[in-house]
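Turn these sequences into a full structure, and let the hints steer you where they fit.
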Amino acid sequence: PNSSCSMELTQSNPDIVPQEQGLPGVAGTKLQRFLHGFQEGCFQEEVDAFVKQHASDFAVICPDGSYPLVWTTIHNEYKELFDHQLEAILWFQDSDKEDFLSRCAVMSEASEALPEDVALPDIFPEDLQLQGARSVSVAEFRCFMSALTASEDFDRFLQVMFAAAAGTLRATVALPDPRDAGLEMGAADAAGAAQHEIEVMVPEGVGPGMALAVDFLGQRY
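When the letters of the sequence shown are read in order and numbered with my numbering, they come out as residues 125 to 345.
Everything labelled a hint here was simulated from the structure, so no lab data went into it.
Where is the CB? At the ideal position from N, CA and C, for every residue including glycine.
Please note: incorrect hints may appear among the correct ones.
Said to hold, decoys possible - Straight-line C-alpha distance at most 20 angstroms; calculated DMTMM-like pairs for lysine to aspartate or glutamate:
no., residue 1, residue 2
1, K221, E233
2, K176, E201
3, K176, D277
4, K154, E233
Said to hold, decoys possible - The following label-pair restraints were derived from C-beta to C-beta distances:
no., residue 1, residue 2, range
5, D241, K176, 38 to 46 angstroms
6, G291, L254, 36 to 44 angstroms
7, G256, T292, 35 to 43 angstroms
8, A173, L254, 27 to 35 angstroms
9, R294, D246, 33 to 41 angstroms
10, A237, A298, 38 to 46 angstroms
11, S180, L225, 32 to 40 angstroms
Encoded structure:
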């Protein structure tokens with residue numbers, strides 16, 4: 125991890141960092157620390173800057189339902205941010221990615237044929253900051269894995285970038301200081317719906333009165 129950036133969990137924006145959405149499902153278990161690490165202030169700022177930097181690349185018209193190849197390239201760079209952050213989280217947990225993924229694979233295999241309310245084997249290292257961690261059920265582990273890998277979802281990534289391009293993406297907010305009892309984290313309201321004027325190149329063969337469908341910011345017009 126960056127030596128100038130300690131693992132200080134200070135910011136939240138589940139729109140751009142979807143791993144946060146899995147926290148309620150694993151609260152009180154050994155798995156919560158791995159998702160909590162995505163609330164690190166430096167990482168949240170890095171993702172926020174990345175999304176804003178590339179938002180204009182997604183304000184383009186797609187007349188045939190396809191999308192520019194650069195979107196895939198940007199998504200790959202987006203995923204790399206999360207991969208590097210997971211490695212940093214594991215480093216602070218005195219672990220490594222290979223060991224962590226191996227344990228996740230064991231849990232996934234064990235959960236395949238089990239009902240959702242069954243408790244899974246406790247195979248993750250102790251969390252010194254969480255005494256008396258409870259066991260993890262099949263449903264909770266599946267929720268954890270879904271949240272952990274959410275940044276891999278291309279369609280979800282597109283919705284983030286379309287919202288950023290349209291100006292409706294929620295702002296990142298500061299997490300309440302745990303020492304301040306009674307405070308609750310609030311989410312910033314999304315900006316009002318934005319209006320856009322677009323220019324469309326009419327293809328040959330399309331005349332007055334004929335319908336022409338185009339895709340823009342994830343919507344078909």
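Verdict for A237, A298 (Cβ pair) under range 38 to 46 angstroms
For A298 against A237, whose Cβ atoms are near 43 angstroms apart, the range 38 to 46 angstroms holds.
Holds or violated: K154 to E233, with C-alpha atoms at most 20 angstroms apart:
The given pair, whose Cα atoms are some 19 angstroms apart, holds under the 20 angstroms limit.
K176 and D277: Cα distance at most 20 angstroms?
Judged against 20 angstroms, a Cα distance of about 19 angstroms means the pair holds.
Is K176 within 20 angstroms of E201, Cα to Cα?
Status holds; Cα separation ~14 angstroms.
Looking only at beta-carbon atoms, does the pair G291, L254 fall within the given range of 36 to 44 angstroms?
Since the Cβ atoms of G291 and L254 sit about 39 angstroms apart, the hinted range of 36 to 44 angstroms holds.
Could one say that the CB atoms of S180 and L225 fall in the range 32 to 40 angstroms?
35 angstroms, holds
Kindly confirm whether 35 to 43 angstroms is satisfied by the beta carbon distance between G256 and T292.
42 angstroms, holds
Outcome of range test on Cβ distance (A173, L254; 27 to 35 angstroms):
31 angstroms, holds
With a cut-off of 20 angstroms on the C-alpha distance, tell me whether K221 and E233 pass.
Answer holds: K221 to E233 is near 18 angstroms, not above 20 angstroms.
Verdict for D241, K176 (Cβ pair) under range 38 to 46 angstroms
42 angstroms, holds
When you take the CB atoms of R294 and D246, is the distance between them in 33 to 41 angstroms?
36 angstroms, holds
Hint check: no violations occur; every hint is consistent with the structure.
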